[in-house]
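Below, each chain spelled out in residue letters.
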Amino acid sequence: MSMKVGDMLARIYIVIIILVIYAPMIFLILLSFNTSARISFPMEGFTLDWYIGELKGYEYVSYIPVIHHWQFWESLKNSIYVSIAAGIITCLLVTTTALALRHRVFGRDFLFYLLLLGFIVPGVLLGLGNLLLYRMLDLEITFWNMVFVDVVFAVPFGLILMMARFDPDLMMYEQAASVLKASPVSIFRKVTLPLIRWEVLSAGILGFLLSWGELIRSFYVMRGVGTVSTYIYMQITMNPVTTKWFAAGTIIALVSFAALAVLGYLLSR
Amino acid sequence: MVRYTNYLLLLPGIITCGFYLVAPLVIMLMISFYKPVYPVYEPGFTPVNYINFLTSPQAPTILINTFSTTLLAAVISLILGYPFAYFLTFKIKSQKMKTYLISLLMAPFLIDWTTKSVAWIAILGESGLLNSTLISMKAIKEPLQFLFRRETLYIIWVQTNLLFMIFPIHLALNRVAPDLINAAKVLKAPPHRVFYDIIFKLSLPGVICGFIFVFVSTLGDYATPMLWAGGIQVLGLSVSSYAGNFLWPQASALGIILLVIALVVLYILLKVVNIKKLFYE
Amino acid sequence: MSKKIIAAKDLVKWYGKDVLALNKVSFEVDDGDFFVIIGPSGCGKSTLLKVMAGILDYEGELYIKGENMRDVPAYKRDVSLMLETYAVFPHMNVFDNIAFGLRMLGKDKAEIEHDVKEAIDLVGLSGLEKRSPLELSGGQRQRVALARSLVIKPSVLLLDEPLSHVDYILQRKLMEDFKTLHTKLGQTFILTTHVQEHALTLADTMVVMNTGVIEQMGTPDEIYCKPTTVFAARFVGDISLFPGEVTSKEDREYFVKTEFGELKALAPNETELVGKKLAYGIRPEFVKIGDEARSCENKYKAKFVGHYYFGNLVECVFEVKGGVTIRATVPPETAINLRLGETYAVGWHPEDAIMLEKPSVIEGLDIEGVIYGK
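Going down the list, the protein sequences come from chains X, B and F.
Mind the numbering: the first sequence is residues 138 to 406 in my numbering, read in order.
Mind the numbering: the second sequence is residues -15 to 265 in my numbering, read in order.
Mind the numbering: the third sequence is residues -18 to 355 in my numbering, read in order.
Bound-form chain X, shown alone (with noise of 0.2 Å):
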């Protein structure tokens, strides 16, 4: 009879933990449909127009209507194009790494230390030292800076994860492929990959989403309009705060959904 109390309430205690962590977003995702254009529950009324009202011509940028504004579709087309580059690269570099880190190679350790430094280094410094770098070299700004200073974060997480997931069994599955004649490359795509699937597909949302909502790192690269953390960002330090930027954000919760969605399909096959 006790255990049934204490599994009650654990379940309690992870709805109340997922609810603060959502409450957020439901929020936005709620206020967005408000008449109101300041910022208060409870909500005055029910409007798509902060969606898709019409463009009067002389509004503050707090004012447009999302499908009006076009730097914010811009920015999201950069984030866009920069999250799932950063999803892809960091998969790749993930599953390398990490398939090579079993094996006892010179030096594993420091290599080690060193991938983890990404993961320690705090985000301004990434993302200033990036900036830095290339004025030092003279450099412009490029869409990759963006994406690799995503990646180069990313990557440590994601070796943790992939690391602490691998199945200790899977160089034994490996050798028995190679006692049966199979070449590396064989071995590889018929024996490695199946069995990583998933933490391959798993390191490569991790990149996705590490890099999609992320502020602190991009600031300092951004290129043209920048990513949409970005934009918006400096939008509302300079223009006051409405229920127009919910609606920016429930369509950017809407599109990294799908592109989510799109990824996990594509990289499930």
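Any given hint could turn out to be false.
Result set (DSS-like, lysine-lysine): computed pairs, CA atoms no more than 25 Å apart in a straight line [said to hold, decoys possible]:
(1) K282/F x K302/F
(2) K(-2)/F x K75/B
(3) K82/B x K141/X
(4) K141/X x K(-2)/F
(5) K57/F x K185/B
(6) K57/F x K141/X
(7) K77/B x K141/X
(8) K88/F x K185/B
(9) K75/B x K57/F
Chain X residues, not near chain B, derived (Cβ > 12 Å throughout) [unchecked claim]:
(10) D186
(11) H205
(12) Q208
Since the hints were derived computationally from the structure, they do not count as laboratory data.
Idealized CB from N, CA, C, for every residue including glycine.
Since chain X is already given, all that's left is putting chains B and F on it; use the hints.
Only chains B and F this time, still in chain X's reference frame:
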């Protein structure tokens, strides 16, 4: 032949790391010693930037603020996150449900950072959910100030980073072989000792990992203090203000100090627990 | 009349909705006994130990030292269990591992020091106190697991397949050690294995299990010489079995018609067996070859088709009419004279034969099925 393939596999990782991680840090280190001559800087080697900061009257406040807020945020995340990870590992039986819950936790990452924190206004603001409910329940007359104060930092930071505390702990807990728990029970350990001596101690690598992540994640955050905590003086904020004014040497120096703080804390924590155990075994 | 230290009645254990690990298992264990549970993999012996130790829930009744164990958690039972996986705590050294139970029981430091040292010497791990389990060999880890179970001096020591992952020489040594420990300490030992030799050597009382039920319980002698089911006969000791039907009875001898001939056996008791279908069995050590076979009442011509060499004995395989095989165990001197493909006389006395009516305690099985192994 196997050795060569391994090195080959490691190459992309090392190159990427080298160029986008090590090089920037090295440059920053270099620039932090440049002379802070207006308008930008002059190459040279001087520790003036560090000295200026460390001897300035705001330095103690900034450093204390930085340490206290980030460490406290990490501790709160740990207190809230550990039970979640524990229940997730041991009380939820179906693997499907576990994966589902973990992916649920990732969903808030789908929204960009800024609007997510703006949403907090809807909850914590003067006309937000909390205040409206409290006023309508006649518990208070005037709206309470939840935003734009130090405590807002914790709410936002914990909420954003909870996943990263939960996940490593869950991974570590998952690796505790059930037979170890059985053995402890049979060796006369009452439930709370089974938890403390076996489960908790074996989950420490995960705890440290999560703690480090949350700590580092909050360490460099300049946006949250600026937007939502009334510009409370933390190091991250200082870095960004200097950077915003193109004062690179000063910004770099403060950034390096930030890095040193992170490394020191990491070192201390690693002395407590050997993280390699989480990965190699 | 020795005390019953463990009494179990109708123990039932389900894993999920599909797997019935224990199907109304009932038995009793005498205090101070060396009790061995033997059975094939998956028969439920590990489950049974875990239920007794208190780490698994169960339906039914379980009494240890006269107390009902319903709702009594593991840490309150006077029972210790050594797991098959050893489960030595990786984050503690050898000393702390062994001291764990004593610390949980709240013993004082001096007592712990003394007892742990004694246990370490007992299992032969002296000098390794500070080692981490990750640096130990499998055998050393097993001894750590054994020491920490012994040191808390439980009334009942449960050992789950302690001889299973260990080489032959070490198995022999361990069996000697267990026997010595048991005699010296006087506690009740309950051990599981799937190797019949272990059971026959170690047990004061043994139990043959099969898919969640007890086939037979008794002394090793009883189970070997007087098996009550075909399963028990097959599982403990080698045996050649033939399905047959009892055709008639003369004095105390029964005639059993089998595929290759009519065999004679002695009636074990007064029950009427004529007309019944049963399994006729003869253990290889009773089968005689050549001249010795001539004096036997069961005598057949059989072709020598193969043999298994055991060093001190040779098990020879003979084929009779219908492709049925009979096995005979003989000393190497005898076996060396046999030529493959040649026909010899094989035979045995009726009093050495075993007749088994019951295929198994499990309902719904037929004799042929159990004989030819499922």
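Here is what the structure says about each hint:
no.: 1; hint: K282/F x K302/F; in the structure: holds, 9 Å
no.: 2; hint: K(-2)/F x K75/B; in the structure: holds, 19 Å
no.: 3; hint: K82/B x K141/X; in the structure: holds, 19 Å
no.: 4; hint: K141/X x K(-2)/F; in the structure: holds, 19 Å
no.: 5; hint: K57/F x K185/B; in the structure: holds, 23 Å
no.: 6; hint: K57/F x K141/X; in the structure: holds, 21 Å
no.: 7; hint: K77/B x K141/X; in the structure: holds, 14 Å
no.: 8; hint: K88/F x K185/B; in the structure: holds, 22 Å
no.: 9; hint: K75/B x K57/F; in the structure: holds, 23 Å
no.: 10; hint: D186; in the structure: holds, 17 Å
no.: 11; hint: H205; in the structure: holds, 18 Å
no.: 12; hint: Q208; in the structure: holds, 14 Å
Of the hints listed earlier, there is not a single one the structure fails to meet.
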